[in-house]
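Chemist: Read off the chains here:
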Amino acid sequence: MFIDVSNLKKSYTSGAVRNEVLKGVEMKLDRGDIGVILGPSGSGKSTLMNIIGGVDRADSGRVHVDGVEINDLSDDQLTEYRRRDVGFIFQFYNLVPNLTVAENIEVVSNISKSPLNVDEVLEAVEMKDKKRRFPRELSGGEQQRVSIARAIVKNPKLLLCDEPTGALDYQTSRSILKLLQQVNKEFGTTILMITHNTAIAAMANRVFRLRSGKVVDEAVNQVIIPAERIEW
Amino acid sequence: MKKLMLMTLRDIKSNKGQYIAIIMVVVVGITMYNAISMSFYNLNSATENYYEEYRLPHLFVRLNNAPESVVGIIGRTDGVSSAQGRLVLDVPMEIPGYEGRVHARIVSVPRSNDGALNKLHLEEGRYVSGDHRDGALVEKLFMEFHRLDIGSSIYPIINGKRVELKVSGKAISPEYIYAVPSAQDMMPDNERFTILYLEHSFVQQLTGYDGLVNEVVLQLEDAGKAKEVKKKLEDRLKHNGLISVTERKDEVSYAMMDTELNALQSMGFAYPAVFLLIGSIVIYMLLIRLVDNQRRQIGVLMALGFTKGAILFHYIGYALLVGFVGSVLGSLAGVRLAEVLTRYYLTFFNIPILQVKTYADVVVLGILMSVVFCGVAGFNAAKRVLRILPAEAMRPVAPIEGKKWWGERILPFLAGIRISWRLTFRNMWRNKKRTVFTVVSIAMTVGLMISIMTMLDSMDYLFDKAFGDALSYDYKVAFTGSVHRDVVKDLGEFREVTYAEPMAEYPVRLMNGWRKENTMVTGLVQGSRVYKLFDMKGNRVEVPREGILLTEGLAKSLGVKRGDNITIEALNKPGIERRIAVKGIVEQYLGGSAFMEVGALDAVLGEGSTINAALVNLRYNGEEIAGDIEGMPYVQSVKEPDDMVKQYNEYMGLIYAYIGVIVVLSCIMGFAIIYNTTTISIMERRRELASLRIMGFTNNQVAELIFNENTAVSAMGLIIGMPLGVFMAAQILKLMPEDMISLPLVIFPKTYVLAAATVALFVILAQLANMRRISRMDLVEVMKSRE
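Line by line, the protein sequences are chains L and F.
Quick note: the first sequence, position 231, residue 231 per the working numbering, numbers continuous.
Quick note: the second sequence, position 514, residue 514 per the working numbering, numbers continuous.
Keep in mind that the hints were calculated from the coordinates and are not lab data.
Please note that the accuracy of each hint is not assured.
Unchecked claim - Derived list of chain L stretches under chain F, where covered just means 3 residues or more per stretch with a C-beta under 8 Å from a C-beta of chain F: (1) 65-71; (2) 92-102; (3) 133-146; (4) 203-213.
Said to hold, decoys possible - Capping the alpha-carbon separation at 27 Å, the derived lysine-lysine pairs in DSSO-like fashion look like this: (5) F/LYS238 to F/LYS516; (6) F/LYS238 to L/LYS131; (7) L/LYS131 to F/LYS432.
As the list claims (entries may be wrong) - Far from chain F, by Cβ distances over 12 Å, these chain L residues were calculated: (8) LYS28; (9) SER46; (10) ASP75; (11) GLU80; (12) ILE230; (13) GLU231.
Where a beta carbon is used, it is the ideal one built from N, C-alpha and C, also for glycine.
Same shape as in the complex, but just chain F (with noise of 0.2 Å):
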């Protein structure tokens, strides 16, 4: 058995460049496998401790200010363990040295930390009570953009009062892992939101409201229980001021944080499966070859005694060791990438108890994957070992039977092209399995590269088609709540401003029978100058008086056509429901996915003439006066377009480090695949390409042969790949949070271009790497013995 393994490791040494390149595809996939569900088991982890430790309440009540005795009430009801009120408002603010807008959201928090619900995580500082009961915490990621120490001043202005308050610490909470002010805003943005945290009783005093609180936030004694809980208090609040109740799950954050988790989660598995696939099969045909090249030796070694399960294992060996040494090498580089994507990932999300760390579990089953799927695929190539009789082996092997495929009967023209191509084309007919298994491996790979770089077509199409034709406002005012839509009037006082119209968005949950969607519903006015709608022909449409327009995803979701009716129910509002009729499908672009009529959404959510947004256009070269409308009473915030596509890029940032990783190591392995083939071609044609030498030809003209059979399965890959990596991003798009973003499904012709030109530089890299083995064939050794 020594000798055998003895025999393994040379005939790896002396193919040395074909088991670097299965390795590869094996590392590439063992790394991906291992970096990502590490990020996700890091992120989970933490998330899980963070909000178990930290306290994230299970249920957020929501109240138009309430005296602070429903806190009590609300600490009574059944199933309630323990109960914290607090005031949130949203206020401008000004930060010395910056010009631009920004906006708080302060955030009343308990005097004493300890015991607190959304108990706040201080990275640097003091907690505000004692001495420092006047100072504020400033959200992390917020300090950090603009470099704020402790004791800088910051200026919110509150009640139209511009305040002094020393910053007296660094803080995050579990309720803003994800900072957005809500779910209208996908993307956080630390340059001009963030959260303070303030005392409780302070915030009273700053803001009048003594002995009020305009939230109560609650943790449950079985968080299993928290719908029937949030019922109760549906029920019991009615009358005290109530707007709404909301679950963990549906706060914005929670759901953002555990979309993404989810997406990992599936990417963890699904990525590293298909290169594991791919490494097997290319493990496959390289086994069959070196079964077949060694034949001879193994009725030798049948002949000498060894057995044949020896022997068997001995092929199998190969595989089993490329697939051990692939899976160590990838185990080790996907703890490394691992720990990268996890910390990228604190640039998004604020957790501050994360420790990166090494899960033996997610190595030992990376390792054991990759071994099973080598295992499988050596044990399949190398059983033919058990049909092959000492006798017959030893006998010289049975001529190649040539003979013209099927194209050549059916189109008589292909038996008139060029020989060269008519070789091959019979060469891929003979060797059917191979051709096969390199056309469906390099399909995989296009597809691979195809599916991630649709993400940046569809976000490029969304971003074109938002800002070209559907959004044409400068400035989006949210305002701080649902205000009257006369408020409008209020925005065209501006010289500045030249146009304003009503716009609403709420939460709300669509429903049709069992299928749920929690999205934002977009109130427009008919006829909106700025903001327009199109159908899926890229005809306009006009929001109806009655009824909803759907996205197509959307309504794909929820199982919809037009005509049919849903129920929608508001998530801001307790106690809601409407059945409402679908009028139409429309393309999806940012900031929405359904639509209505502001008044009739207004009637269907029964606000009384209320919209809680406008958008505005401004003068041509008008004066920036973002501040001054931000400077209003009731203005939340004033965004521009370009705000939005900011902010976005920055998030991208993420997704185009995901996207690089795969695009890479899906490079690297559509090159080790042809490689392999172009190897294998070489090695088993050699007495052939080595008797053209000898005829004359040139190494050029014998590597076209080779060249010819790369360019055809290549191609032919590509054809598969293009629909396939369709497919696969269809796949990856519903994976995608439906209710912040649905991705139309949009590739560009130039991305087809780049994956062929990627599968084309595959191809000649292959055949570079190759030409040594052309040129330096030894036409002697070659033509010395029959094989």
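So here's chain L without its partners, still in its complex pose (with noise of 0.2 Å):
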């Protein structure tokens, strides 16, 4: 089992108030599969992928990553599993905007121990003849293009996706779930994706659903429908 997540929890408090948010949640998802996160707002989904992702602790539980227990990671150990294991995609981008397309791939295959090429990875992305723009001179759907090359550069086990097509239109956001589909079966890389959206559970080998901070459905899906087919 390569994400092996077991009775999590996890709770915020603010002030006086205390707010459970993760309420023993139990998951599974193999090696080189899709998973997707199905809820709605409050439900959890962000907090249980930002624990996952190593972003967040949670309080306990146990969230085994390829066979690495990831609660009990320091902070330098989490550092260096997000650069070495996980890729992160994130609704807004979150690129830099003082760097060019390539350079924001760079800077983060820069710190990586065995990257891809950037040029491929722009090439995989179809953005090789941007690379020279500034993500403001992009559409979205480029910049979550740009969002998704910097997150596979570093040829991650684990691909972290946090609603990466709510901020797009359908045509770009299909194209985008193309190309994750596209990246999970040329790297192998385990994807993980949190979404509003119940269509593209189509296309995940797993489908979560999330209610008040515990997974309340688990599916598997016998057929994976391809990304581009996907209608909503």
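Dock chain one against chain two, each of which comes alone in its own frame, and use the hints as you go.
Modeler: What follows is the structure in structure tokens.
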């Protein structure tokens, strides 16, 4: 099992109010699979992803990624884990505005141990011809492509996507999803994706429905639909 | 409005580090303003009151021994309100238990101190009248140095005879606030020079000058007519053995005090202004960020019905609050520091009636200045509020526009440097205004530091130059008055003396049109072995047979160059004025600003083969014979170059105190600037930095991006600050008393290195102080929303 989450709990305290966000989440995902987490706002999707990505820590429970217990890692080890094993794709891209497309990718490739070739990655996301542009000069979809390139350049084991199409139109969203599926196939990268959009679940191997901090439903898709055929 | 105030306070609380840093800059400026201004007012009012109450004369008439009837003649001159005759003579003196040489100036005083000119202030003991007629009043700082008590014996040598006198009191005279024997002596020497005040007829009896006086001091009905009366007296006394008539302003003590006060007054405004200016720049930068950050909140407030004026005032309020709090704290610190500085001054100046006061007007003006400076900065930053439309403000801000900066286009190699540096330069370019402001602030801080440290360099240079190459005599022997130059031969009689050469020093006024400078002209022999002059290129120069050499500073002040003619007027002899050619410009070091051949000087001043000093070299490993030389009847004092250094260092204590205060305050300010810029930079880029952290950048790698920017900005500030410091140093040197010492503008490389090291330290400290912000950055929180 590549991702093995068991009885994961997390709560936040704000002043006198304690908010239990995750109440014992169970989740398993095989290597090379695409997992989709569905759920309404406040269900704990992002928190779960942040903990799996080593950006946040759980209060209790187990998070094994590729056999490593994430929750036991020190801050420095978590940084190393994020650098080596995890790629992030955000809803709002979070590109460095003062770096060009190529530089945004290089900056991550520079800190990686065995990065992929930047040009090849740019080729893969079809952004090679725009590599000298700055983020402001790109459309949302193009920025998300760069964001994907930046995430995969370090050749991560796991790609975490937080609403990757949330800010994009239908056509662009489909092309981004297609690209993710392609990355999954070509590089064998395990992908865990958060979305509101239930239609996207069709392209996943496993679908988890989260509600009020618990996985209320888990489904395995026998037939994976190619992203370009998904409609909503 | 109250709620807005609450918001202000909460905002300040959540960014307290930054606000404390800005407040510190304001505190520093206002502390300095209050401390220096109040020291100035304390000293100024003290000296003015002292001169007034203790009746400092307006004119000093010096005569060859003249009958006392001359006092009546002078007293009856039109415009003179009172005149007082006295005998003044310089004698060697012995102090029991003290091995060194002391020389005393005996000044005769009237039988009654009440109503006397130059009235004495008695700290202790009794006045020299009645039973104490044969006692001596001794100058206060000298008594304190030698721990003399009332009743102690002192032994002046008068006419070759050792006379025992009992100390009857500790006195201070308005004539000797700055107790130096003559303008040739730059610094007071409380160890070896003092003034003894003896009853007038007792002095006549001791010296055998019965019925004679050699000085008449006088007060005028109208102080503004000093020049007029001086002229009258010069005419009237021409044939009565007149040596000179000097105005109060040309007397050494008065002139020194005046110079000191002027310097203090200029410093009192110049430095604090720089600090406040920098403070306002920092506030401006901070508020711009605050307004941009709170754009959405501003939109909401507007939508809720708050007027733009109210919101504008809310943001100006931050600046006003900083200005007010900073100035109140600065005033408190400044009042205290003023007291310390004023008291410190008193160790150099004899002023008995000093009152250390708090000047409400200075405090109020300081607070007003601060509030205005900060308010203007606040308004300029906050006025962008007026341009915000509520609906627009509530929409997300447009993403930052990234682009290459012109450097990358012009110098293609810049596009190939490390990405972190590319990012640094682009960020600096993107925030041009802030970059410029930060660079300017750092440049000003560096300028302040360099300008003030240059003082030390210039002094060191002067000493090195003087005692390294130029001055190689062992003793400088000053005679009691003008003596024939053959007297130098007498010095050669001493077995230990290997070489002696004549020298003369006279106070003169040099004039070129409306430009006038009072200075000492030094007469040297051609080919002097012990007093060498160098031109600006470092080549040895001889004093010309005719004409005069000037130091660069003096030549500049007079606006003359080689080949020009100037007028030289003797200050110690009335009516002597000659035209003389400037034959060259020489380097300045201790001792003089104008040089002539000793015979030529003599000819100009009409002395007739006379000198008033000699330079002496001793046998190597020779015995100390200064005491023997001083025992010679016409010798006033014997000084070694070391004495000058020692005295000088003592006097430098005062300057060191100022330099120390300004350097420390500049450091605080430098740190505050960089700390603020760093904080602003981190807060603005927190999303970018957080995303890099999520990508796997370590805290140090993220910090490096910020560090690079600080380093680049600071390096630019340093590069601009260095020449700025040189410029500022030149301005400060102009405030120095030209006739006492004119400092060359010298900056040693170590000063630049020190300034650079200090700035590097600020950068590192600011970085360390901000590391927590980076390491504690809440990645989840930052990533949650689009800004």
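Chemist: If a hint holds in the structure, say so; if it does not, say that too.
Modeler: Now the hints, each set against the structure:
1. Restraint check on the stretch 65-71 of chain L versus chain F: 0 residues with Cβ-Cβ distances below 8 Å, three needed, restraint violated.
2. A stretch counts as covered by a chain when three or more of its residues have a beta carbon under 8 Å from one of that chain; for the stretch 92-102 of chain L and chain F the count is 7, and the coverage holds.
3. By the rule of at least three residues with a Cβ nearer than 8 Å to a Cβ of chain F, the coverage given for the stretch 133-146 of chain L holds, with 3 such residues.
4. Given a C-beta distance limit of less than 8 Å, the hint that chain F covers the stretch 203-213 of chain L is violated, as 0 residues qualify and 3 are needed.
5. Restraint check: the Cα-Cα separation between F/LYS238 and F/LYS516 comes to about 25 Å, which is no more than 27 Å; the hinted pair holds.
6. The hinted pair formed by F/LYS238 and L/LYS131 fails the criterion: a straight-line CA distance of about 96 Å is larger than 27 Å.
7. A distance of roughly 26 Å separates the Cα atoms of L/LYS131 and F/LYS432; the hinted pair therefore holds under the 27 Å criterion.
8. No beta-carbon of chain F comes within 12 Å of the beta-carbon of L/LYS28; the shortest separation is about 24 Å.
9. Listed as a non-interface residue, L/SER46 fails to keep its Cβ farther than 12 Å from every Cβ of chain F; the least gap is roughly 8 Å.
10. Its beta-carbon lying about 8 Å from the closest one in chain F, L/ASP75 breaks the requirement of being farther than 12 Å from that chain.
11. The claim that L/GLU80 lies off the interface is violated: its Cβ sits roughly 7 Å from the closest Cβ of chain F, which falls inside the 12 Å cut-off.
12. Against chain F, the non-interface label of L/ILE230 holds: every CB pair exceeds 12 Å, the least being about 26 Å.
13. Every beta carbon of chain F lies more than 12 Å from that of L/GLU231, the smallest distance being close to 27 Å; the non-interface claim holds.
When each numbered hint is compared with the structure, violations occur for hints 1, 4, 6, 9, 10, 11.
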